[in-house]
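Quick mapping for you: the protein sequence lines, in order, are chains A and B.
When we follow my numbering, the leftmost residue of the first sequence carries the number 250, and every step to the right adds one.
When we follow my numbering, the leftmost residue of the second sequence carries the number 65, and every step to the right adds one.
Accuracy of the hints is not assured; some may be wrong.
[Stated by the list, open to error] Partial selection, computed: residues in chain A whose CB lies under 7 angstroms from chain B: (1) Leu445; (2) Ser449; (3) Ala531.
[Unchecked claim] The calculated SDA-like cross-link candidates involving lysine to any residue, where the alpha carbons are at most 25 angstroms apart (straight line), are: (4) B:Lys127 with A:Asp441; (5) B:Lys127 with A:His452; (6) B:Lys127 with A:Ala331; (7) B:Lys127 with A:Glu533; (8) B:Lys127 with A:Asp508; (9) B:Lys127 with A:Ala531; (10) B:Lys127 with B:Thr95; (11) B:Lys127 with A:Lys440; (12) B:Lys127 with A:Ala324; (13) B:Lys127 with A:Val327; (14) B:Lys127 with A:Ala328; (15) B:Lys127 with A:Tyr518.
FYI, nobody ran anything at the bench for these hints, they're computed from the structure.
We put the CB at the ideal spot given by N, CA and C, even for glycine.
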Amino acid sequence: MDKSTLLLAAIILAVFGASVAAGHPHWGTFTGIAIILLAAGLGAGTLPLRSQDFVEERTSPTQRISNGLITLSSAAIVAIYAAGYHRTSPAAHRFDSQIPQQRTSATIAIATPPPAANPGSAAAPPVSSSAAPAIKKNTKRPSTPSRKAAPSSASDSTGSSVSSTSAPSPGSTTNPPAVAAPAVPAKSAYKDGVYLGWGSCRHGDIEASVTIQDGKIALVAISQCLTRYSCGWIAPKIPGAGLPDLPSQVVERQGPKVDYVSGATESSYAFADAVVAALSKATE
Amino acid sequence: MHSLMRSSQHYPKPQSNEVVRTVALMGTFVTVHVVGDMAGHKGETERTERELAVERALDWFYKIEECCTRFEASSEVMQLATRVGVRVPVSTILFEAVQFALAVAEATEGAFDPTVGYAMESLGFNREYRTGQTIRTALDSSGSVSYRDVRLDAERQTITLLRPLILDLGAVAKGLAVDLAVRELQSFENFAINAGGDLYLAGCNPNGEPWSIGIRHPRRDNELIDSIRVSNRAVCTSGDYEKRAAADEQGHHILDPRTGSSANAVASVTVIAPTAMLADALATAAFVLGPSDGIRLFHRLGVDGLIISPTLELYATRGFSEYH
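Extracted from the complex, chain B is given alone in its bound form (with noise of 0.2 angstroms):
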């Protein structure tokens, strides 16, 4: 877990107002945390409609997990990556999430591409983490391949690639599920959500006070480099130390799309932005431009970040002040 929400570390007893759940779901924990009364229920009632809530909000996760996985075969978008050339009708879920995907990979100039799927099978992030059945794709993939290469048509809702390529979704897809959740829980204030360094924290903790959020230090085990305090916004951090390549011990999780290796110039990112979808796609995107562009990029962007640079050096935004 990248960031750490303070609170969960002394979890009290959930309070008979309060519901915490956690599953085990794309490859992390995700754990939804709602607080206090829902308006205009009470009681037995108002616990039951508060439980559904949460098991619909944990719903999503399974379903975007579904459509999104590149560790199963079977799944949309690995199903996509068997047709090329051909427009292939998908999805609500496939294509909102790869519309938006390529749309920051457009913002990004390519520092952020989802088409790095099958660079990223082929340096051994391939192993479903439930069963730990690895998967093995059959690619012609002569040439290098990007963002340009996926064509959309919002009108009949399809997407062509043009050429052989694997969409690895996993930066939107976790985030786009946390929003979707959010949206579950609309009727309540106070919630938190977590899943895996994907936060979206809403109202107050049980407390009363903003959520308090620890950001972990990239290189000391269960210390905190900062921590923050954020009311109704996604906070998302990835970090260098996560899901080390199997082929690579120096590799991670986070590819340079336009070299084909792991970026190395960062060793965390923090994004606060408001929705958790474009924080986790932003946090991607300024682990592979660095420090100096990736703050850069926040300010243009309009969304508030900490970087880390491998020497444990800070870079903020100017806005990023206010949520200490």
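Chain A on its own, in the form it takes in the complex (with noise of 0.2 angstroms):
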């Protein structure tokens, strides 16, 4: 039975209800609410195939079952495509630098402020190229994340620098070398140093370290990440790809005030909070 006849059935069952209903006072009633109940629940059955349009109807053989997979199937890719957030601009520059050995250059220039409301579009190629080295450090995640500085850059393990500015190595084991100071001047407000702070969400909890140079946030990775999920929805392994780079966005906006990242709003907060303490015994 296709939808088309369910409908139907649901219609006629509706009408015949609502007029045994009416016709029929003393047991009609009941019956015929019973029908329409009947009814609507076949219509509703209905109901669900229409968002499936686009599942090309076979002829063959089918049976429920297969329309149920089928249906399925389609569904679960919708659900995904939903959730997951449209990116604009190349992610080329990620899968070249997958292969961080093939890459030469050791000089990183960070010096450049990039635009700071899209981290995706012109930005992308420098930043993608700093990242290559660190991308040894990243894909091993640290078993037992110590909360201590490892006196470790990324520029380490390759030779290369990381940029002019990044005296101070922050500790930071989970982030890769965040965009350097930008070129306007911020609010001196902070005192210079590390700092570190915790923000909770129900996935769970995200310690951001915040680098202060010159009065300036110079450097925000996270250092730990405890939630459940990957903090590469909110701080990619390999930044510079378009996707949401929330520690970036601490640097080029000096503050936390980031981007919540669609299908990561929990750890967006939970970063931000993090920030927000971090940054609260700068000013202390």
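Put the two chains together into one complex; each comes in its own frame, and the hints tell you how they fit.
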């Protein structure tokens, strides 16, 4: 029985039920309502199928279960597609940088600040090249995250310098070096140093490390990611591919006002809270 | 690569209105081939648009793999394995993938079962293809597990593992990634995605004909046993010649969930279905069921397919010849 037949049956039953209810006040009301309910049930059964119009109907022997599986697979794709965020910038650089060994560029140009609002557009290539040496570090997740600063920056392994201004090593192991100091000096409200702060959400806790240099936010990283989900949703392992990169946003905007990442809203909040907590220590 | 896209063997240099990109992902090579123009765009803008769309399509593979890989202890599916008996809120990707895998398990009465992850790992399918690192999960695996040991809560989007087990989403995840890539490329009429045997063919090939897909001979290298022409369909081929287990020379990558060893009634299975996720899952199920039951399953589920027995007998669904 296809959905139009079901719908037709539902309409007939509803009309019939209503007439029974109207015509026989004694027992008919009850029966009529029951028939209307049955009709509503049938009608409802046809409705979910409507969103599956893109599923091609087959004329070959199909049974309920097959439509079920085909429908389910299509629905799963729609659900995931809808939940995922859409990016508008190329991810090519990220794929290219999957092979860090092949990268020979040793110096990294991150002296110029990328445009603030959109982390993906024009800034992608330089940030991506800075990501290459960081990969090695990032793919290995530390099994025992140490809150103490391991004096390693991603540059150690490849011998490239991260930037001329990144003297203090923030002890970030989970995040590649963020974009360095912006050209426009922000208000020097913060004391220099490395500050840690925690933020929580129902998925777990995030610790941010904020490095203040010359009174400005010079480097931000997620130093511990204890959420159920990978922090890659808000701080991509390899930045510069247009994915939301909240740590870089903090540096760009010189404050904790970051975009919230669709699909990782809670983690975004937790990260922002962690930055606020860290910054509050920098102003004490 | 299981199914060979025929044209891929002699790709001419991509025309100005074509984009071909190949990256190594999910233990195989993923190729996206877009043919022709996108409606409403012309020239350079069009080309940029198209390249961006291809990147977005490939990005789904990356995203799905990050979530569903069994070879990375930090992946969401492996994190889930560490929490038994608890409702674990999960991402949409993982939830939908598992929900679909369980539905197929139900429909095939366990011939397909995503809970074979630990058995696979124990048999030596535990090597991360990119780094070569192997994974060993400490799991209290007393007794056998099945798909009935996994509970879903659609409203809260949680997964509960009733017993210690590892979900193997290999058969679902790659297809899922292909299907998401297909959606990303929806504005194009003609394209092909090939993820190591999981294919989706939209519209026509560069010659304006339906895509021609060769089905590899399961016993002779570089030889095709059949070829089909498809348009707007997913095609998945699974063969016993791929991915031999490290621990067992005779074993391959499809286990019979009911016995725990490699299924060996079939040399190769090809499924044609509306989605790659369904095609891949059913190919895996048919591998376990054997030729006769496999074809019966395809008929029952309304997909077409070809099953080749180890003695090279061909079993096809009634509708399969229409694709020649």
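- Is it true that the CA of B:Lys127 sits at most 25 angstroms from the CA of A:Ala331? holds, 14 angstroms
- Item | Restraint status (C-alpha distance of B:Lys127 to A:Asp508 at most 25 angstroms) | holds, 20 angstroms
- Distance restraint between B:Lys127 and A:Lys440, which requires alpha-carbon spacing of 25 angstroms or less: violated, 39 angstroms
- Task: Would you mind confirming whether the straight-line C-alpha gap from B:Lys127 to A:His452 stays at or under 25 angstroms?
- Result: Cα-Cα ~19 angstroms, so holds.
- Is the Cα-Cα distance between B:Lys127 and A:Ala324 25 angstroms or less? This hinted pair holds, its Cα atoms lying about 18 angstroms apart.
- Task: Quickly compare the C-alpha distance for B:Lys127 and B:Thr95 to 25 angstroms and report which way the hint goes.
- Result: Between B:Lys127 and B:Thr95 the Cα gap is close to 16 angstroms, so the pair holds against 25 angstroms.
- Message: Need the status of pair B:Lys127, A:Asp441: alpha-carbon distance at most 25 angstroms?
- Response: Given pair B:Lys127, A:Asp441 is violated - Cα atoms ~37 angstroms apart, limit 25 angstroms.
- Query: Are A:Ala531 and chain B close enough, Cβ to Cβ, to be under 7 angstroms, as the hint says?
  - Reply: violated, 30 angstroms
- Query: Would the hint on A:Leu445 stand, with a C-beta cut-off of 7 angstroms toward chain B?
  - Reply: It is violated, given that the least Cβ distance between A:Leu445 and chain B is near 22 angstroms, above 7 angstroms.
- Message: Tell me if the straight-line CA distance from B:Lys127 to A:Ala531 falls inside 25 angstroms.
- Response: Outside the cut-off at roughly 36 angstroms; violated.
- Task: With a cut-off of 25 angstroms on the C-alpha distance, tell me whether B:Lys127 and A:Glu533 pass.
- Result: violated, 40 angstroms
- Query: Regarding the pair B:Lys127 and A:Tyr518, is the alpha-carbon distance no greater than 25 angstroms?
  - Reply: holds, 22 angstroms
Going through the hint list in order, the structure does not satisfy hints 1, 2, 3, 4, 7, 9 and 11.
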